[in-house]
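So you can see what is in the structure, the chains are spelled out below.
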Amino acid sequence: MRYLPKSPTEREEMLAEIGVANIDALFSTIPAEFRLSRDLNIPSQMGESEVVAHFKAAAAQNGAGYASFLGAGVYNHYRPIVIDSLIQRGEFLTSYTPYQAEISQGTLQAIFEFQTMICELTGMEIANASMYDGATGAAESVMMAARITGRSGVVTVTTVHPEYREVLGTYAQHQGLPVTTVGYNAETGRVDMATLDAAITGETAAVLVQSPNFFGVIEDIPAIAEIAHAKGALLIVSIAEAISLGVVRPPVEADIVSLEAQSFGVASSYGGPYCGVLATKEKYVRQIPGRLAGQTVDRNGKRGFVLMLSTREQHIRREKATSNICTNQALIALMATIFLSVYGREGIRELAEHSLAKSDYAARTLAATTGSRQLFTGSPRFHEFVLKTETNPEVLNSQLLAAKIIGGLPLKRWYPELGNATLWCATELTTRTQIDRAAAVLNRVKA
Amino acid sequence: MTEKFVGTTRKVSSHQSQNEALLFEKSAPGKRGYKLPALDVPEVSVKALLGDTAREEAASLPELSEIEIIRHFTRLSTWNFAIDLGMYPLGSCTMKYNPRVNEFVSRIEGIAEAHPYLPEHLAQGSMEIISLLQQCLLEITGMDSITLQPAAGAHGEFTGILLVRAFHESKGNPRRKIIVPDSAHGTNPATAAVCGYEVQNIRSNALGMVDVEALAAMVDEDTAALMLTNPSTIGVFESEIAKIAEILHAKGALLYMDGANMNALVGKARPGDFGVDVMHLNLHKTFSTPHGGGGPGSGPVACKAALEPFLPVPVLERRCDGALTWNYNRPQSVGRVRSFYGNFGMFVRALAYILANGPDGLRQTTEDAVLNANYLRKKLEGIFDLPYTTPTLHEVVFSDRRQAQKGVKTGDLAKRLIDYGFHPYTTAFPMIVPGAMMIEPTESESREELDLFVDAMKQIAQEADENPELILSAPHSTRVSRMDETAAARKPILRWKP
Numbered sequence: 000m001r002y003l004p005k006s007p008t009e010r011e012e013m014l015a016e017i018g019v020a021n022i023d024a025l026f027s028t029i030p031a032e033f034r035l036s037r038d039l040n041i042p043s044q045m046g047e048s049e050v051v052a053h054f055k056a057a058a059a060q061n062g063a064g065y066a067s068f069l070g071a072g073v074y075n076h077y078r079p080i081v082i083d084s085l086i087q088r089g090e091f092l093t094s095y096t097p098y099q100a101e102i103s104q105g106t107l108q109a110i111f112e113f114q115t116m117i118c119e120l121t122g123m124e125i126a127n128a129s130m131y132d133g134a135t136g137a138a139e140s141v142m143m144a145a146r147i148t149g150r151s152g153v154v155t156v157t158t159v160h161p162e163y164r165e166v167l168g169t170y171a172q173h174q175g176l177p178v179t180t181v182g183y184n185a186e187t188g189r190v191d192m193a194t195l196d197a198a199i200t201g202e203t204a205a206v207l208v209q210s211p212n213f214f215g216v217i218e219d220i221p222a223i224a225e226i227a228h229a230k231g232a233l234l235i236v237s238i239a240e241a242i243s244l245g246v247v248r249p250p251v252e253a254d255i256v257s258l259e260a261q262s263f264g265v266a267s268s269y270g271g272p273y274c275g276v277l278a279t280k281e282k283y284v285r286q287i288p289g290r291l292a293g294q295t296v297d298r299n300g301k302r303g304f305v306l307m308l309s310t311r312e313q314h315i316r317r318e319k320a321t322s323n324i325c326t327n328q329a330l331i332a333l334m335a336t337i338f339l340s341v342y343g344r345e346g347i348r349e350l351a352e353h354s355l356a357k358s359d360y361a362a363r364t365l366a367a368t369t370g371s372r373q374l375f376t377g378s379p380r381f382h383e384f385v386l387k388t389e390t391n392p393e394v395l396n397s398q399l400l401a402a403k404i405i406g407g408l409p410l411k412r413w414y415p416e417l418g419n420a421t422l423w424c425a426t427e428l429t430t431r432t433q434i435d436r437a438a439a440v441l442n443r444v445k446a
Numbered sequence: 000m001t002e003k004f005v006g007t008t009r010k011v012s013s014h015q016s017q018n019e020a021l022l023f024e025k026s027a028p029g030k031r032g033y034k035l036p037a038l039d040v041p042e043v044s045v046k047a048l049l050g051d052t053a054r055e056e057a058a059s060l061p062e063l064s065e066i067e068i069i070r071h072f073t074r075l076s077t078w079n080f081a082i083d084l085g086m087y088p089l090g091s092c093t094m095k096y097n098p099r100v101n102e103f104v105s106r107i108e109g110i111a112e113a114h115p116y117l118p119e120h121l122a123q124g125s126m127e128i129i130s131l132l133q134q135c136l137l138e139i140t141g142m143d144s145i146t147l148q149p150a151a152g153a154h155g156e157f158t159g160i161l162l163v164r165a166f167h168e169s170k171g172n173p174r175r176k177i178i179v180p181d182s183a184h185g186t187n188p189a190t191a192a193v194c195g196y197e198v199q200n201i202r203s204n205a206l207g208m209v210d211v212e213a214l215a216a217m218v219d220e221d222t223a224a225l226m227l228t229n230p231s232t233i234g235v236f237e238s239e240i241a242k243i244a245e246i247l248h249a250k251g252a253l254l255y256m257d258g259a260n261m262n263a264l265v266g267k268a269r270p271g272d273f274g275v276d277v278m279h280l281n282l283h284k285t286f287s288t289p290h291g292g293g294g295p296g297s298g299p300v301a302c303k304a305a306l307e308p309f310l311p312v313p314v315l316e317r318r319c320d321g322a323l324t325w326n327y328n329r330p331q332s333v334g335r336v337r338s339f340y341g342n343f344g345m346f347v348r349a350l351a352y353i354l355a356n357g358p359d360g361l362r363q364t365t366e367d368a369v370l371n372a373n374y375l376r377k378k379l380e381g382i383f384d385l386p387y388t389t390p391t392l393h394e395v396v397f398s399d400r401r402q403a404q405k406g407v408k409t410g411d412l413a414k415r416l417i418d419y420g421f422h423p424y425t426t427a428f429p430m431i432v433p434g435a436m437m438i439e440p441t442e443s444e445s446r447e448e449l450d451l452f453v454d455a456m457k458q459i460a461q462e463a464d465e466n467p468e469l470i471l472s473a474p475h476s477t478r479v480s481r482m483d484e485t486a487a488a489r490k491p492i493l494r495w496k497p
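From first to last, the protein sequence lines stand for chains S and U.
To convert, note that position 209 of the first sequence is 208 in numbering that gives the first Met the number 0; the numbers rise steadily by one, no gaps.
To convert, note that position 79 of the second sequence is 78 in numbering that gives the first Met the number 0; the numbers rise steadily by one, no gaps.
There's no promise every hint is true.
[What the hints assert, rightly or not] With a Cα cut of at most 27 Å, we get these calculated DSSO-like pairs of lysine-lysine:
| # | chain 1 | residue 1 | chain 2 | residue 2 |
| --- | --- | --- | --- | --- |
| 1 | S | Lys319 | U | Lys490 |
| 2 | S | Lys301 | U | Lys490 |
| 3 | U | Lys10 | U | Lys457 |
| 4 | S | Lys301 | U | Lys408 |
| 5 | S | Lys319 | S | Lys280 |
| 6 | U | Lys25 | S | Lys301 |
| 7 | S | Lys301 | U | Lys496 |
Simulated from the structure, these hints should not be mistaken for lab results.
If we strip away everything but chain U, and leave its shape as in the complex, we get (with noise of 0.2 Å):
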């Protein structure tokens, strides 16, 4: 593998990795992974119990044994990549360490065993649980009300819009436009989209921020919200927010945060502070809980005082016993988000990730960030294009505009960081960079790890130049090559036959 490189891998060499079948094709007439406990109670018919609604004809579910299943997933396993192998610097992402307390406290049987229609003076370690974590992520944002209902981050940006809608809908009117920076996350203008609301989309100006006087002259009656991701996409703070707010709350539309790049705030600013009056947060992004290979996530919504009444039902409130209690009896409430309280298990992963930080260990960890960020953006402005200089806080956007004079584009460049033993950065994203290369190291990056990917991409660069063709066909390193993406939208195979 090593003669494929122009330089030396110091992060990689290669390993097997073994061939793994799918379960079905595993699968045997009479293995066995269980066994249940015999039955103490009699035996019933199925047949006589559930006449025709009886199931016919069995589920063709795979039969294996035990150990099949863990050397399958263990198989498996090794063909991902992940945090835990190395650095996974997908900007927006933030791919950062995920502690492993976390994961043995969100087990612990009184935790993990709670029933959500448990009467409430037996769940109340959970409520507390819930309350803590409000009081921490209000404390941390500057707002005044939160709910922790929405699953995810779009689910939070679902969330608040409603209560955007419900705000105006109070006032007589719920307006019309929804304005969304062409730097946005898609989830945000799909949001508005399903909120009902019309998407306007505004450009951003030459330093990559809103340009204030397009939308000073865009902002009118008809306007519900604006919805900003600070620091933006291109991991700038927008300096003119308190303008931003100014011009929104003038002609009464609301200011809404896209809570993506938390990572870059805690502890040193907070959104209540600089105007933003509803906003979400992403638990599995800032506040370190697993993204599992696509979730679950978490997506608190907190909001200003003037939009509590419509929150979510129900609302946790503390009686004056001290003990919790939740509270449906909302009648301005915009109506459930989701069954139960959310994902509560998130929530107990959250906490205790702000538990073992505490306020100097979350502003480390925000200071760090912004470090490793501005680290690569020194080391790495020589070599790739940087078209925003604006400075910027937790990420870096570079653009593919001198490689790509070679046919070597953002994506080519990221399928070679694979061979050099890191994920990709974030390609094609945002929008406002043509060829984007998106990086967001995070805090939990060393000064060595970062040294590596530094060289990882001068090396890269070198051989677009030198051998342009070697990066187009990679990786090289993987078990499988670049997939036939084409085929498999034309002809969908999305589920094993016999």
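Okay, chain S solo, but in the shape it has when bound (with noise of 0.2 Å):
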């Protein structure tokens, strides 16, 4: 086996000098009606090149050469190569979690990096070392919410991704968090303000809304912060398009941001690995879950970064722990880290303008098709819109799917109301010709 380093006259010195006569020996003590004494069923070992193969025949399997017009949480930014060049480093790909501080000074000074990035772009005053994703971010901050305040209940909003909140969903049950979920207005996209503020009551710990929300539209946050704060509720803001922080508004008065990274240069990798990462205000430091690396000094006084507030975790305080989390998405935070120095301060910006005129190109272009029009068209919004057809979707993107393009997601599933409605998403990679493409075809399109 390639990867294993010995001989086989060196395995059996090494059986003498622990004194045993064979490999079998060093097993004893699982008892014999337990010892597997077959091979497992399984495919035999394959070399290098057929395992190559293997995956290249099963990517072959997937679609290739469409054009994409899907979002919804996954978005299709450009990713620079030295990304890549740089996390394939072993000292980066292959080191642990940097418990051991002064032989990982380079994944600490990174974390304190990214940690400081995300400051910036979200406004708040800490952030963490990364989550999960931003589906279990969302729900760790709602539990976050809830120690702070003492309180246990959470208000959120069908506008929220209807994954985060099933996920949310499944944590909250658990907790005794009880979960009200409110309506968007019809014409806006946006949350229902009368409804949302009649569901928050003395017992509510947080509200969470997601901003831009799942049809793209830019939430009112100071105005939800405004009606959820009068009532001492937490406002939780989810952001599940991190690019949209190059234009948008940070939500500043949120009380906890729930970040999911993705779009910083992480490929979409049929759904993961992503980067969740929570951001807050620093009087809450002692509640945030997961790693936090702080700047300290070495006994030399020399800069170095560490683990640090460690009592909040479930290695020291166990049952007592803040989170269950250990394990996060430390190289991914990585790539996001690289995506942003390599884009910065004006990069970001201009990334996040090209897919906003994309995008507004795409709406004005496609609802100008025949029997569509767009929704909640009164409303800011990024870089997704919802598209409302006569034609039933399944229809339209069958039709769009044999121009090799992949239309907008059909929202019927989560949102039955809006009957048949699309959603689309252009970034900056999205291509005019794409665009005209997808018009045509619906131009054609007979319902």
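The two chains are supplied separately, each in an independent frame; assemble them into the complex guided by the hints.
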């Protein structure tokens, strides 16, 4: 086996030094009836070329060569080459959590830089080293808000990503955290303020909204914060499209921001790995879950970084920890850090502006096709929009697929009231030609 | 540097490391690391489109050129220790070689670019990868059903305990308690608490195993499950596992296995055969996906048929026409624990590892992991105190008892190991061993590397006798010396400020 650095003779010699006759003697504490005396029934050992061929064949089974208008929480932005070349350095790729600070300064400094960038982008004071993804990050934020306020309910909105809400539901049910979900205003696609206000009670720990929301619409965060805070609830803002922060006002009125950083240079990879991250106010530092890197000095007064405040964490606190999270998404956070250093202050804004321009052109072009109209047109939005068509989206999408285009995501599954609505996304990588071709197909489709 | 060693340090010599400031300290307005393509649609006015939701002030991100970014992160990388540099014997973490073909195949375009909401007929390749990995993991564990959705080991524990809860609820009572041995990972009790259970600790017996009599006395109709790591955190296989399962099952309780130590069992024994009802795996431990400085991981949960109805949605199924499909219609499901289908990129890597090994390679891997741990145990047992002499599998836990008499503790010995060119072992865990030194070499070490490690440990033991100060002030060879963590915690600095 090519990964195993031992010759048969060495194995024999080592067994002799240990003082056992054969390898099975070392497994003798496993009762005989539980010892596997046959080969595992899995594919036989492959050469490296066969492994590569296996996965190339799998890749070929997926659709290739399509122009895609899918977004809905996973976004197709360009990934600068330097990201992949840097994260493949073994010192980043094959190291463990940086508990031994003296030989982990590279990872620790990079986390510290990541935390700083997240604070800059979100307008928060502190950020953690990462969470699994935007969905679990949102759920952990709610649990954090319950700890801070001593209250036990959460009010959320149907325009938070449906899968985030499902994960929240799973987490909340065992935490004694009732979840109230309010609707959106049918005209604006924004949270319905009156219903939201009515749903918040003296027992509400947090209000959880997403902005831009699942329809791509940007919420009125200052107004939502005002009604949440008026009743003593915290405001959690979930951001599924991190690039939006290049042009969208950061949710500075929020108490906790839960960000999904996939857009920062991470491949869609059929749903993961991605990178959640929580940002909050300094006063909540002892309630934030997950790892934190902090700056300090060594014995000689030299600047260095360490994982800190670990008394919040499970390996110290056990059942009294703020969360059971242990392994996070460190390497993905590093990818985001490199991405953000490539684009920087001006690039992140330009990138977001390009996405906005493409989406604006796409929305205008597609809404002008026969039998189509755009919903929620009066509200500000980032790079996603909802298109309502006379034709059933299934019919429409199969026509688009024939033209090698993956159209908008049908929304009926989560929003039956929207009927023939689809959610479209355009990023800086979407081309005018792709948009015009999609419009041509839409114009041809017969209901 | 060499004069600071009592013997010879065959593994290391000194080497320059470059200083590097923070990104923000290197930034200058107008520097660029990117160039966007020309816009092929009309420009837009952000203010006109977004109104008062437009961002007023740009985020103060660093402005750098590409070469500076490459040098910055390359320099940072040289400050890290890594498996690629040498032995990383962190007990319980299974720091094994991360094969490069895994990285390559995860980046193949059709695999890396697949959107999770692709129409199913355009995602069959990704779904086949999931399907084959599920089959392999079920065969390896001897279980009946599996979900790959959990993003890490602790997340797998969370999912597994939710299955336990849902199972009991379906019988009319979720029950109240989860029993956790005192040797368990901290995530176990934390998970039980997050799932709304009361944690009951059970002490280990003199052999470092679960005290079966104590367990029998503790388990009742209010016990939901025992969370057991097997082999345990001291590397010992619970020989009375059948009896343990029987005690639990007799009262309707379930046996949860923390699969952190599966590297000792793959191809040699299957949890499904010895009474486990539900368990999680760590693809980033046993199945070679890279730890990446702390993640991403992946924590699949496998269970027996009785728990299958409760698995998170969606569940992968094969239709009668042979195509794979996601089934969301599962009324008894515990719900979703993560968005989409889990850390898919890790599934690709784990499957590549399994295919590269095959049944014979996986068995040999396990055997070599156990051989290496026992070799180290044999070579070091006269030098360091071995509190539990029970035979061990993939790891060995010594204690600092002898060296502590000179004021040198496990954490100090670990820091000194850095000077000899090794990553420290796991310190101060498990909690049942005071001053624990938990060593897991994995199968990835050659005899030569193991012998160097033994040499280093022997020299450090000698130093503890002859010159303890050398150890107490270690490491001596690193860019920075020991960090002032107390000051850091008192006034946390968690971000850079100008």
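Verification of the hints:
Pair hint S:Lys319 plus U:Lys490 holds up; C-alpha atoms about 23 Å apart against a cutoff of 27 Å. Between S:Lys301 and U:Lys490, the direct Cα distance comes to roughly 17 Å. Compliance with the 27 Å bound is thereby established for this hinted pair. Among the hinted pairs, U:Lys10 with U:Lys457 is consistent with the structure: their alpha-carbon atoms are about 14 Å apart, no more than 27 Å. Taken as a hint, the S:Lys301 and U:Lys408 pair is honoured in the structure, with Cα atoms around 25 Å apart against an allowance of 27 Å.
For a cut-off of 27 Å, the pair hint linking S:Lys319 to S:Lys280 stands: about 22 Å separates their Cα positions. Our distance criterion of 27 Å between C-alpha atoms is met by U:Lys25 and S:Lys301, whose separation comes to about 19 Å. Taking the CA atoms of S:Lys301 and U:Lys496, the gap is about 18 Å. The hint holds against a cut of 27 Å.
No hint from the list above goes unmet by this structure.
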